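Enquirer: Read left to right, the sequence shown gives residues 613 to 846 (my numbering).
Everything labelled a hint here was simulated from the structure, so no lab data went into it. Since we're looking at a predicted model, the values are computed, not measured. In this text, a Cβ means the ideal position worked out from N, Cα and C, and glycines have one as well.
List time: in silico SDA-like cross-link candidates among lysine to any residue, alpha-carbon distance up to 20 Å:
#1 K684 x G714
#2 K780 x G810
#3 K622 x T660
#4 K633 x D677
#5 K658 x T615
#6 K794 x P779
#7 K622 x I721
#8 K794 x D813
#9 K786 x R746
#10 K777 x T815
#11 K731 x L701
#12 K622 x S723
#13 K684 x L659
#14 K684 x T615
#15 K780 x P793
#16 K658 x G637
#17 K645 x T631
#18 K786 x R806
#19 K622 x D677
#20 K731 x L705
#21 K780 x E808
#22 K786 x R809
#23 K645 x E627
#24 K658 x R697
#25 K794 x R745
#26 K786 x E808
#27 K777 x G802
#28 K645 x P620
#29 K777 x A817
#30 K794 x R781
#31 K658 x L701
#32 K645 x R619
#33 K622 x K645
#34 K622 x I651
#35 K622 x P724
#36 K633 x P650
#37 K622 x V652
Distance ranges between label pairs, derived from CB positions:
#38 P650 x R735: 34 to 44 Å
#39 P750 x G802: 16 to 26 Å
#40 R623 x A725: 12 to 22 Å
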Amino acid sequence: METALYRPVKRFLEELGYTVKGEVGGCDLVALKRDDPPIVVIGELKLTFNLELVLQGVDRATACDEIWLAAKLSTRGRGRESDPRFRNLCRRLGFGLLGVSGNGQVQVIVSPAAAMPRKDPRRRSRLVDEHRRRQGDPMVGGGSRSPIMTAYRQQALACAAALAKGPKRPRDLKAEIPDAPKILFRNVYGWFVRIERGVYDLTDAGRMAITRWPQAEATCPLHETMADSSPLKA
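Modelling step: build the complete structure from the supplied sequences, incorporating the hints.
Expert: Below, the structure is given as structure tokens:
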């Protein structure tokens, strides 16, 4: 029962100098520190770390100075408390996160004063680059099973569409597809084969690809140079 978490969390907050009482104003617990005005802390308890626990904290946040969310720690350490996304969500919201072990020990997982997660400028740059290089909007968001139509795949398909008319040298394609030499040489998808020095043709897989994605003909004139010719997703 969630009530089993109350006394360990109450003891934890009392050691920080708070006076704690349970079930006040619809909150699992409310703690006050004897300042003027008092510091108000609201605690919410759940048997597991889940979205409902976070939503309860969001609902209470306007009525207090701090929110502490507490739940029972998973026995194998594989619960939501070990998920960095869940911890980062609490950091962004400014919520404290407490884990209660089976013997009543309380562990601080996230402090309400924890720093916001750092931004990842490299990841941001890759997203901006991929967005700018991709031709049109070839993918419907939300899918996960079909191959992603990345900017790299679009350029590879444009090379395949050009080679479908006959073997060519990379320099023959470079005017319309600036990264054609790198794409043909790397041959990430196995669509191309070198039939003689500096001359490429399509493999059976390449012919199947342009049949599967016939829009390659429409995206063949590609004038944007790729900053990174490796695909974001294969």
